[in-house]
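S.K.: Required output: the full structure, derived from the provided sequences and hints.
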Amino acid sequence: MRILTGIFVFYIKLIIPTLAISVALETLRWSITDHFSIGSVGSMYIFFALLFHFYTYEINRPNEYVFYHNMGLSKIALWVSTIIISVLIGLLMILYE
Numbered sequence: 001m002r003i004l005t006g007i008f009v010f011y012i013k014l015i016i017p018t019l020a021i022s023v024a025l026e027t028l029r030w031s032i033t034d035h036f037s038i039g040s041v042g043s044m045y046i047f048f049a050l051l052f053h054f055y056t057y058e059i060n061r062p063n064e065y066v067f068y069h070n071m072g073l074s075k076i077a078l079w080v081s082t083i084i085i086s087v088l089i090g091l092l093m094i095l096y097e
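Going by my numbering, the final residue of the sequence shown carries number 97, and the count climbs one at a time with no gaps.
A couple of the hints might just be wrong.
[What the hints assert, rightly or not] The calculated SDA-like cross-link candidates involving lysine to any residue, where the alpha carbons are at most 20 angstroms apart (straight line), are:
| # | residue 1 | residue 2 |
| --- | --- | --- |
| 1 | K75 | I3 |
| 2 | K75 | E58 |
| 3 | K75 | L95 |
| 4 | K13 | G72 |
| 5 | K13 | V66 |
| 6 | K13 | S81 |
| 7 | K13 | Y55 |
[Unchecked claim] So the derived label-pair ranges between C-beta atoms look like this:
| # | residue 1 | residue 2 | range |
| --- | --- | --- | --- |
| 8 | T33 | F8 | 18 to 26 angstroms |
| 9 | T33 | N60 | 28 to 36 angstroms |
| 10 | S74 | E97 | 33 to 41 angstroms |
| 11 | N70 | R29 | 38 to 46 angstroms |
| 12 | W30 | L92 | 14 to 22 angstroms |
| 13 | S31 | I83 | 30 to 38 angstroms |
| 14 | L95 | T5 | 27 to 35 angstroms |
| 15 | I32 | M1 | 43 to 51 angstroms |
| 16 | L51 | S74 | 20 to 28 angstroms |
By construction, these hints were calculated from the structure, which means they are not laboratory data. We put the CB at the ideal spot given by N, CA and C, even for glycine.
M.R.: Right, dumping it as structure tokens:
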């Protein structure tokens, strides 16, 4: 249970900026093309989740991995969880359309 809590705390820092940027870019595209696509938001979400993970935890706060390591989560486990959760959320948006 501690590991799932650690993954939740880790991913919650990524979900808000990732979703905000994805929706903002799709809104910008919507203003140009007059077509809003949840599937497109899902595709951008997958890409930006990985980008924000890299920026937040590799460049901006690399020492924060120690906190998650103390919870039993390795750096690889956090990357794999980011990929899996992002792909699942992105695919749900893509399939919703």
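S.K.: Can you name, in rising order, the numbers of the hints this structure does not satisfy?
M.R.: 3 and 8
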